[in-house]
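Heads up: the sequence lines are chains H and R, in that order. The letter at position 31 of the first sequence is residue 31 when you use my numbering, and the numbering goes up by one with no holes. To convert a position in the second sequence, counted from 1, into my numbering, add 206.
Among the hints, a few may not be true.
Selected chain R positions facing chain H (Cβ under 7 Å, derived; list incomplete) [claimed, not checked]:
hint, residue
1, A208
2, V384
3, E392
4, S396
5, T403
Which chain R residues stay away from chain H? Per the calculated CB distances, all over 12 Å, these [stated by the list, open to error]:
hint, residue
6, Q240
7, F244
8, Q251
9, N254
10, R269
11, A291
12, T319
13, S355
14, P371
15, G377
Everything labelled a hint here was simulated from the structure, so no lab data went into it. None of the values given here were measured: they were computed from a predicted structure. Heads up, the beta-carbon is just placed ideally off N, CA and C, and yes, glycines get one too.
This is what each chain is made of:
2 protein chains.
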Amino acid sequence: MAGTVFFSVSMSLDGYIAPSSPAELMGKQWMELQHWVFPQRFFRQNLNLGEGGEEGRDNDILRETFERTGANVMGKRMFEAGEHAWPEDAPFHTPVFVVTQAKRDPWERAGGTTFHFVNDGIEAALDQARQAAGDSDVRIAGGGETILSYLNAGLVDEFTIAVSPVLFGAGVRLLEGVDASKVALEQVRSEASAQVTHLTYVVRAR
Amino acid sequence: MAGTVFFSVSMSLDGYIAPSSPAELMGKQWMELQHWVFPQRFFRQNLNLGEGGEEGRDNDILRETFERTGANVMGKRMFEAGEHAWPEDAPFHTPVFVVTQAKRDPWERAGGTTFHFVNDGIEAALDQARQAAGDSDVRIAGGGETILSYLNAGLVDEFTIAVSPVLFGAGVRLLEGVDASKVALEQVRSEASAQVTHLTYVVRAR
Chain H
1 MAGTVFFSVS
11 MSLDGYIAPS
21 SPAELMGKQW
31 MELQHWVFPQ
41 RFFRQNLNLG
51 EGGEEGRDND
61 ILRETFERTG
71 ANVMGKRMFE
81 AGEHAWPEDA
91 PFHTPVFVVT
101 QAKRDPWERA
111 GGTTFHFVND
121 GIEAALDQAR
131 QAAGDSDVRI
141 AGGGETILSY
151 LNAGLVDEFT
161 IAVSPVLFGA
171 GVRLLEGVDA
181 SKVALEQVRS
191 EASAQVTHLT
201 YVVRAR
Chain R
207 MAGTVFFSVS
217 MSLDGYIAPS
227 SPAELMGKQW
237 MELQHWVFPQ
247 RFFRQNLNLG
257 EGGEEGRDND
267 ILRETFERTG
277 ANVMGKRMFE
287 AGEHAWPEDA
297 PFHTPVFVVT
307 QAKRDPWERA
317 GGTTFHFVND
327 GIEAALDQAR
337 QAAGDSDVRI
347 AGGGETILSY
357 LNAGLVDEFT
367 IAVSPVLFGA
377 GVRLLEGVDA
387 SKVALEQVRS
397 EASAQVTHLT
407 YVVRAR
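So that you can see chain H by itself, here it is in the shape it has in the complex:
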C-alpha cells in the first residue's frame, strides 16, 4: 500500500513562500512567515536548539508532518541552500531524493538523513522516494519550483499550507504558473491556531 505524496509549506497571505533571492532566506520577511514555527518544541528538538518550547496544536502539526514522512524529495536549489546551513544531522531523518543534474554519490549524514542525487527527472525521483518510504508518505520538501512541477504533473495527492498573517509584496510565489486547467482542489481540513491557519487540500484532476 503506497503512501500519500504531499507538500507542506508556510505561505504569506499574498501567496509567497520565499524571498526573491536565497541570500535573503533568513531575512526579516521569511522570519515573519515562519514565526509560528520557531517556538515549537518539535522544531527546536529537531534542529538541536535545546529543550523546551510550545506544545500546542502547531507543535503537533509539525510533529505529525515529520512522522508521516518516509522519504523527502527536493529540488537542487533547496539542497544547495541547505547543504551548508543544516546541522551535521540534517533535519530530515529520512532518505532525501534531490532532483539535480549533478552526479554525486549518496551523502550520508548523522541521524538517518541520506541525500540521493537523481539525474533523470521528477518522476524518477518520486519513484525512488516511494520505494524508500514504503507505507509512509513522501513529502515534496521544496523549493517552490519543484513543488509546482510535481503539482502540475498531477503527482501530488494532498497538500497543507500554513497561511501566515504576513505580506511579502515580492518574492517566490508558491502557485505562480499552476496549471489551473488541470488541477482541482477540495478543502479537506482547515485548522486555525493562534497565528496561522493550516489549510489542507486534496488534489483532483479536472
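Dock chain R against the given chain H, drawing on the hints supplied.
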C-alpha cells in the same frame, strides 16, 4: 463612535478575486470562486432569487457582513460592471459612494440603495461613507484596485477573505501591489465551513 472600515471578498488559493476581463465576470472560474455563496438563503433573498437555501455558518457570515454595513464604497469599474447587472433594487440597501471622475446626480434605487458619485478621491468618499454609516461599519465593496488603494493608504481597519479551493492561474490579484513595508496583519479569526475558510485580519501600521 465611528464604525469599522472593512472589506470582505472571496479569493482563490492562488490569490485572485476576479478574472482578467469584466466580460468573463460570470465565467466558470468566478462561479467556482463564489460557489459557496450561491446556495445560501441570505444571498438568494437579497437578490430576489426566491425562498429557501442553506442556513449554516456560511449563510450567517453573509448576513452578518450585510447587517454590519451602514454604507458601501466602490470603485467606478465595479459600479460600471454592476450598473446594468444588479436588479432594480440593487443588493446593497445602504448609501453607496462611488469613487469616480464622472459627475452625476445621486441615483436612487428601490430598497434603500442610493449611489453617490464622489469626484475628489478615496478619502473624501470614505469620509462621506463614515458620515452616512453613523455607528455602523463601512464596507469597501470593491473592486480589487479600490480595495488595495484603501489598504495601502492605511484606511482599512479589518478584512475577511473567504479562501476558496479554486485556482485561477491568471486574473486580478487582490494583494498585487500591496505595500508590505507599511501594512502589518494580525489574524483575529479563522473559521472553516464545508467549502471555504473565512480568514479575518486586523490591519496594523508597521
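Hint by hint, here is what the structure shows:
1. A208: With Cβ-Cβ at 24 Å, over 7 Å, it is violated.
2. V384: 5 Å, holds
3. E392: Since the shortest Cβ distance to chain H is 6 Å, the answer is holds.
4. S396: OK, holds: S396 (chain R) within 7 Å of chain H, min 3 Å.
5. T403: Holds - the Cβ of T403 (chain R) comes within 7 Å of chain H, reaching about 4 Å at its closest.
6. Q240: Q240 (chain R) clear of chain H: closest Cβ-Cβ about 15 Å, beyond 12 Å.
7. F244: 17 Å, holds
8. Q251: 26 Å, holds
9. N254: 30 Å, holds
10. R269: 21 Å, holds
11. A291: 25 Å, holds
12. T319: 31 Å, holds
13. S355: 15 Å, holds
14. P371: 4 Å, violated
15. G377: Violated: least Cβ distance 9 Å, not greater than 12 Å.
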